[in-house]
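Listed below are the residues making up each chain.
2 protein chains.
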Amino acid sequence: MRTGGTAQAIAYEKIREQIVTGNYPGGMKLIEERLAEEIGVSRTPVREAIRRLEQEGLVRRKKVFKPGTKELRDHFKMRILIEVHAAQMAATYMIDDHLEELKEAVRKAQAVRDDSAEIVRENKRFHDLIVRETRNPVMIDTVSRMQSIIYLFSRAVVINKRPGLLDEHAAICEAITERDPEKAGRLMEEHLEADLEFTLAIVELEE
Amino acid sequence: MRTGGTAQAIAYEKIREQIVTGNYPGGMKLIEERLAEEIGVSRTPVREAIRRLEQEGLVRRKKVFKPGTKELRDHFKMRILIEVHAAQMAATYMIDDHLEELKEAVRKAQAVRDDSAEIVRENKRFHDLIVRETRNPVMIDTVSRMQSIIYLFSRAVVINKRPGLLDEHAAICEAITERDPEKAGRLMEEHLEADLEFTLAIVELEE
DNA sequence: TTCTTAAATTTTGTATACAATGCAGACAAT
DNA sequence: ATTGTCTGCATTGTATACAAAATTTAAGAA
Numbered sequence: 001m002r003t004g005g006t007a008q009a010i011a012y013e014k015i016r017e018q019i020v021t022g023n024y025p026g027g028m029k030l031i032e033e034r035l036a037e038e039i040g041v042s043r044t045p046v047r048e049a050i051r052r053l054e055q056e057g058l059v060r061r062k063k064v065f066k067p068g069t070k071e072l073r074d075h076f077k078m079r080i081l082i083e084v085h086a087a088q089m090a091a092t093y094m095i096d097d098h099l100e101e102l103k104e105a106v107r108k109a110q111a112v113r114d115d116s117a118e119i120v121r122e123n124k125r126f127h128d129l130i131v132r133e134t135r136n137p138v139m140i141d142t143v144s145r146m147q148s149i150i151y152l153f154s155r156a157v158v159i160n161k162r163p164g165l166l167d168e169h170a171a172i173c174e175a176i177t178e179r180d181p182e183k184a185g186r187l188m189e190e191h192l193e194a195d196l197e198f199t200l201a202i203v204e205l206e207e
Numbered sequence: 001m002r003t004g005g006t007a008q009a010i011a012y013e014k015i016r017e018q019i020v021t022g023n024y025p026g027g028m029k030l031i032e033e034r035l036a037e038e039i040g041v042s043r044t045p046v047r048e049a050i051r052r053l054e055q056e057g058l059v060r061r062k063k064v065f066k067p068g069t070k071e072l073r074d075h076f077k078m079r080i081l082i083e084v085h086a087a088q089m090a091a092t093y094m095i096d097d098h099l100e101e102l103k104e105a106v107r108k109a110q111a112v113r114d115d116s117a118e119i120v121r122e123n124k125r126f127h128d129l130i131v132r133e134t135r136n137p138v139m140i141d142t143v144s145r146m147q148s149i150i151y152l153f154s155r156a157v158v159i160n161k162r163p164g165l166l167d168e169h170a171a172i173c174e175a176i177t178e179r180d181p182e183k184a185g186r187l188m189e190e191h192l193e194a195d196l197e198f199t200l201a202i203v204e205l206e207e
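Chains A and B supply the protein sequences, listed in that same order. Start counting the first sequence at 1; every next residue gets the next number (full-length UniProt numbering). Start counting the second sequence at 1; every next residue gets the next number (full-length UniProt numbering).
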């Protein structure tokens with residue numbers, strides 16, 4: 001990975017990496033001095049990196065954020081609201097080039113039914129392509145933040161991949177192709193609600 | 001104003017204040033040393049305050065953010081999405097106590113038809129009360145952020161208060177009272193879209 | 001033992017010095 | 001006149017020292 005330029009950027013990338021991989025587990029205290037030494041910079045850039053992660057929601061009061069089920073739900077609901085809207089926009093305005101990309105993503109995910117890392121990547125790609133159709137950076141950004149938080153959980157979920165997920169993607173893609181916003185929106189909502197319930201079910205198993 | 005506690009909090013409050021009052025105009029460069037001296041703290045807390053404001057969207061690359069019309073639109077659309085949802089939730093679930101508060105806010109705004117500062121306050125209150133009904137801190141927070149950005153503009157707009165605004169509030173309130181989510185959502189959407197267009201029209205006058 | 005409180009410690013907050021970077025204007029070369 | 005690059009200045013980035021606050025540990029009393 002190319003962790004560019006400034007010490008702060010390096011610190012940010014490294015800490016973030018540790019958090020999302022689960023290497024720094026939820027609840028772990030982030031001690032500036034320790035991290036500074038570990039990364040090989042001074043406390044100053046580490047501080048700023050932590051602040052950034054705090055704003056981003058991955059860190060809460062110097063601890064790695066550990067979302068409870070309520071918080072997971074809240075983030076998911078925010079995401080659903082935007083993505084349903086995005087699906088409607090996509091069905092209305094998506095140009096053919098983009099539609100091709102979307103179909104490609106669906107096809108690819110179906111092709112690699114066993115490699116779960118690859119499925120995760122294509123899954124994310126599918127959703128990103130749809131969210132892009134809002135043409136609204138604020139929404140795109142918000143979804144991205146929600147995904148980060150949700151991912152703190154779904155590492156576990158990803159492994160137990162949910163049945164039906166790929167078919168639902170295909171169905172949404174079809175509704176967009178048919179230029180049916182109502183249907184696309186409805187299918188997206190059902191899809192994400194199912195994802196949420198599945199995720200919650202697994203999380204509750206773990207606790 | 002009570003600017004409590006740490007130097008960083010003081011710096012944050014003071015700088016934010018200057019920005020939202022328009023005292024620091026859009027595009028102005030924020031120089032750490034100058035601000036530090038002005039506020040009476042060292043550069044360190046000022047830096048962190050600026051970073052925070054950057055995350056919040058009020059500052060962009062050390063300059064006071066000056067949203068263009070596209071950006072204003074984007075923020076507004078995000079807000080609309082959430083508030084329409086909130087209105088639907090409110091119509092479905094709002095308890096009587098909260099409904100009373102809402103009615104009170106509408107009444108009060110109508111009572112002070114001349115004092116524009118007071119109208120702004122009651123206007124905000126009306127929307128906040130509805131957004132609260134999402135019961136979703138993530139959404140509440142997001143709307144609050146959108147409002148900050150929008151307010152960078154609407155200082156101008158506020159002065160030319162839009163006709164019909166209060167009646168629309170009353171109508172939304174009524175739809176909620178009638179427990180009609182579809183209507184409440186639709187009215188809220190129309191209301192905010194009208195606000196957006198009005199705001200854009202004024203902004204374009206200014207340029 | 002368990003609870004309180006005080007001391008010790010760890011950790012964060014703040015100031016400040018110095019280094020690196022970027023940027024504006026001056027001057028030279030074409 | 002245009003381009004280039006050099007110089008000095010303004011600003012940000014980083015490290016570090018010290019102060020304040022928070023947290024842990026230990027000791028003593030109920």
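Check before you lean on any hint, since a few could be wrong.
[Claimed, not checked] Here are the computed distance ranges between Cβ atoms for each label pair:
#	chain 1	residue 1	chain 2	residue 2	range
1	B	D141	A	D128	21 to 29 Å
2	B	D115	A	T6	44 to 52 Å
3	A	P137	B	V112	34 to 42 Å
4	A	A111	B	S42	52 to 60 Å
5	B	M28	A	D141	41 to 49 Å
These are calculated hints, taken from the structure and not from any lab test. Note that the Cβ used here is the ideal one computed from N, Cα and C, for glycine as well.
Evaluated hints:
The supplied range of 21 to 29 Å is met by B:D141 and A:D128, whose beta-carbon atoms lie about 23 Å from each other. About 49 Å separates the C-beta atoms of B:D115 and A:T6, a value consistent with the hinted range of 44 to 52 Å. Checked against the given bound of 34 to 42 Å, the beta carbons of A:P137 and B:V112, roughly 37 Å apart, stay inside it. At roughly 58 Å, the beta carbons of A:A111 and B:S42 sit within the given window of 52 to 60 Å.
A hinted range of 41 to 49 Å is violated for the C-beta pair B:M28 and A:D141, which are about 24 Å apart.
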